[in-house]
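J.: Put chain R on the given structure of chain U with help from the hints.
Listed in order, the protein sequences are those of chains U and R. Heads up: the first sequence begins at 52 in the working numbering, then just goes up one per residue. Heads up: the second sequence begins at 2 in the working numbering, then just goes up one per residue.
No lab work stands behind these hints, which were simulated from the structure alone. Each hint should be verified, as a subset may be incorrect.
Stretch-level coverage of chain R by chain U, calculated; a stretch enters the list once three of its residues show a Cβ under 8 Å from a Cβ in chain U [unchecked claim]:
#, region
1, 78-90
2, 94-105
3, 131-137
4, 375-383
Just so it is clear, CB atoms sit at the ideal spot from N, CA and C, and this is done for glycine as well.
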Amino acid sequence: MRRYRLYGFLLVLTAMVLFLFGMSGYHYYVKTTGKAVRLKTEPVDPRSLFRGDYVRLNYTVNRVERSEVNGDIKVTPGETLYVLLTKTGNHWTAKSLHASPPDPGGKTAAVLRGYYRGADGESVLLEYPSIESYFVPEGTGKKLERLRGKGLLVEVALGSDGYPVIKELIPPESAK
Amino acid sequence: MGSSDADWRDWFQDQLEKWRREGLIDESTHSELRQRYSNSFGPSSDGSSNRLIYTIGLLGSILLGIGIILFIAANWQYLAPFTKTLILVGGVVLFYSSGYYLTFRREGFDATGSSLIFVGHLAYGSAIWLIAQTYHLGEHYPNGYLHWFVGVLAMSTVLALPSGAALSSLLLVAWVAMEHLLYLNPAPLFLLLAVCQFALTYRLRSRTALATSVLAVGIWTLPVFSDWPEDPGFIGQYGLVIATVTATTYWLAEAHRGASVRKSFGTIFQWFSLLGFIAVVLPYSFTLDNDITIAVAPEPLSSWAIAKLSLLGVVALASALVVFLTTDRYGLTGLEVVGTLLFWLIAWWGWSSHFGTTPFAIAVNLIGYVLSLGLVVKGYRAKDRTNLIWGLSAFSLLTLVRYFDMSWELMSRSAFFISGGIVLILVSFVFEYVRREMLDRMGVLS
Numbered sequence: 052m053r054r055y056r057l058y059g060f061l062l063v064l065t066a067m068v069l070f071l072f073g074m075s076g077y078h079y080y081v082k083t084t085g086k087a088v089r090l091k092t093e094p095v096d097p098r099s100l101f102r103g104d105y106v107r108l109n110y111t112v113n114r115v116e117r118s119e120v121n122g123d124i125k126v127t128p129g130e131t132l133y134v135l136l137t138k139t140g141n142h143w144t145a146k147s148l149h150a151s152p153p154d155p156g157g158k159t160a161a162v163l164r165g166y167y168r169g170a171d172g173e174s175v176l177l178e179y180p181s182i183e184s185y186f187v188p189e190g191t192g193k194k195l196e197r198l199r200g201k202g203l204l205v206e207v208a209l210g211s212d213g214y215p216v217i218k219e220l221i222p223p224e225s226a227k
Numbered sequence: 002m003g004s005s006d007a008d009w010r011d012w013f014q015d016q017l018e019k020w021r022r023e024g025l026i027d028e029s030t031h032s033e034l035r036q037r038y039s040n041s042f043g044p045s046s047d048g049s050s051n052r053l054i055y056t057i058g059l060l061g062s063i064l065l066g067i068g069i070i071l072f073i074a075a076n077w078q079y080l081a082p083f084t085k086t087l088i089l090v091g092g093v094v095l096f097y098s099s100g101y102y103l104t105f106r107r108e109g110f111d112a113t114g115s116s117l118i119f120v121g122h123l124a125y126g127s128a129i130w131l132i133a134q135t136y137h138l139g140e141h142y143p144n145g146y147l148h149w150f151v152g153v154l155a156m157s158t159v160l161a162l163p164s165g166a167a168l169s170s171l172l173l174v175a176w177v178a179m180e181h182l183l184y185l186n187p188a189p190l191f192l193l194l195a196v197c198q199f200a201l202t203y204r205l206r207s208r209t210a211l212a213t214s215v216l217a218v219g220i221w222t223l224p225v226f227s228d229w230p231e232d233p234g235f236i237g238q239y240g241l242v243i244a245t246v247t248a249t250t251y252w253l254a255e256a257h258r259g260a261s262v263r264k265s266f267g268t269i270f271q272w273f274s275l276l277g278f279i280a281v282v283l284p285y286s287f288t289l290d291n292d293i294t295i296a297v298a299p300e301p302l303s304s305w306a307i308a309k310l311s312l313l314g315v316v317a318l319a320s321a322l323v324v325f326l327t328t329d330r331y332g333l334t335g336l337e338v339v340g341t342l343l344f345w346l347i348a349w350w351g352w353s354s355h356f357g358t359t360p361f362a363i364a365v366n367l368i369g370y371v372l373s374l375g376l377v378v379k380g381y382r383a384k385d386r387t388n389l390i391w392g393l394s395a396f397s398l399l400t401l402v403r404y405f406d407m408s409w410e411l412m413s414r415s416a417f418f419i420s421g422g423i424v425l426i427l428v429s430f431v432f433e434y435v436r437r438e439m440l441d442r443m444g445v446l447s
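With the rest of the complex left out, here is chain U (with noise of 0.2 Å):
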């Protein structure tokens, strides 16, 4: 009995150590390893219970306009889309909009995952949840939130399925 629950103690404990690495470890690898896109946000300055401070982002590849999807697509709120990125200027933009991943096919563009979130008119809306959120130092988000309008740019990290990543936030003034 006393052996069986020290096997159980340690297996437990090695399945939440594996998960927590596991929940750090993908991210760092998309991170370090995945092609890097500039995208131009909008933040906003909310609280989060646990985590403390962060700013919500609000990206234009938020929403697609409907002239830029891919086909006929159907789709239900919460599904995955695809969004081919190409670059402009010092950001990407969306170019297209898929139901399955397309073939970036060069250097200059790239394939972003989201979600479905809904229609406004003309435009779809998407969602991505792993780039939304850019926690901070405490007290900080309202000077980010200043700089609204001004051209903030996020590099986001883009793994081999389009998962993106934030790695850093690019102030206007370094916004090249």
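T.: Chain R alone, transformed into the frame defined by chain U:
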């Protein structure tokens, strides 16, 4: 540990010597007793220097620990993400391992060890949130609670510590509430998790875990078995769902009375059924033309909603049947069976038809009074204080509500408050008198 232990030890050793000299115990018994109690009172008087060393060491560890925590906290934002992860995972491993060692491998450190394991549970939750913060993860917020719950549940199942079971039940509540309130997600996974949580709760016999787990089931049941929030008749369905849950918890309370599980579990179910009873009877007993009574007779329901509610009815009746078949029927009266059935049927009738609110309110009031008086009778006959006090409380509450409901429109405000005060005093006096009288008689009878 203090001088009293040392005094006791000295006294006990003196007594042992005396018993040996007087021939009450032989040499081997003397040495066995000495051996057995040698560790019970802390280190012996010649071990006082060891105690000092132990205290200094403990103080040193605390200072070192605080220093490390402050250093990490001050530099947290400058640490690399992977270093942060290592520190968090290291903390989890350290707390759990030291807790395990002290609880199960060292004699006399159970309390410290259990506390460290509990800190390990908290450290695991903190690690989940802080890693999410480190990598800016905002994906489906309730999942943080879900992963935390699974970890704590698994660890508590292995180590069989009730504090962990209580924490996991609390996390189950947090998770299911978040899924329902923030994401309107029915979360069918809850059923599996709840089964595991209840299994652990019953194994460890944790009252806190049981109360919280029942609450989690209530939170999960309400939106899942009604068409909330899409259906405007939600409040009508809400009454039906609560009525069924109330009946089920009542029968579960009865089942625990005759079962081998701790009787206190039955009391917890009893309290939930009281709360459910009040939650159903009070809102539906009004005849005023308010939002609640309008919602009692909503638009016809979808067949899916009817199927779900019928299933709940079957659960309530099946639980009653199981109690009848498996317990010794101690204290059961036909009144409760008829009451449960009638309550459910009338709730269904009032909600699904358009007969108007007055006959429905009258029926609900009648049933409320019959059930509360039935509880008083049952409590008195079975010498069950909880049922007795319960029935009297419900009866008084219904009477007070009816008084305020009916007299608000009829009297001038000053007369209303004066007579209301008199009614309250009278009710409290009668309640206290009847309660004392019955409890006294029960005491005499027993």
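J.: Are the hints correct? Go through all of them and say.
T.: Status of the hints after comparison with the structure:
A stretch counts as covered by a chain when three or more of its residues have a beta carbon under 8 Å from one of that chain; for the region 78-90 of chain R and chain U the count is 6, and the coverage holds. Counting residues of the region 94-105 of chain R whose beta-carbon sits less than 8 Å from any beta-carbon of chain U gives 5, enough to reach three: the coverage restraint holds. For a cut-off of 8 Å, the count of residues in the region 131-137 of chain R with a CB near a CB of chain U stands at 7, and the three-residue condition holds. Given a C-beta distance limit of less than 8 Å, the hint that chain U covers the region 375-383 of chain R is violated, as 0 residues qualify and 3 are needed.
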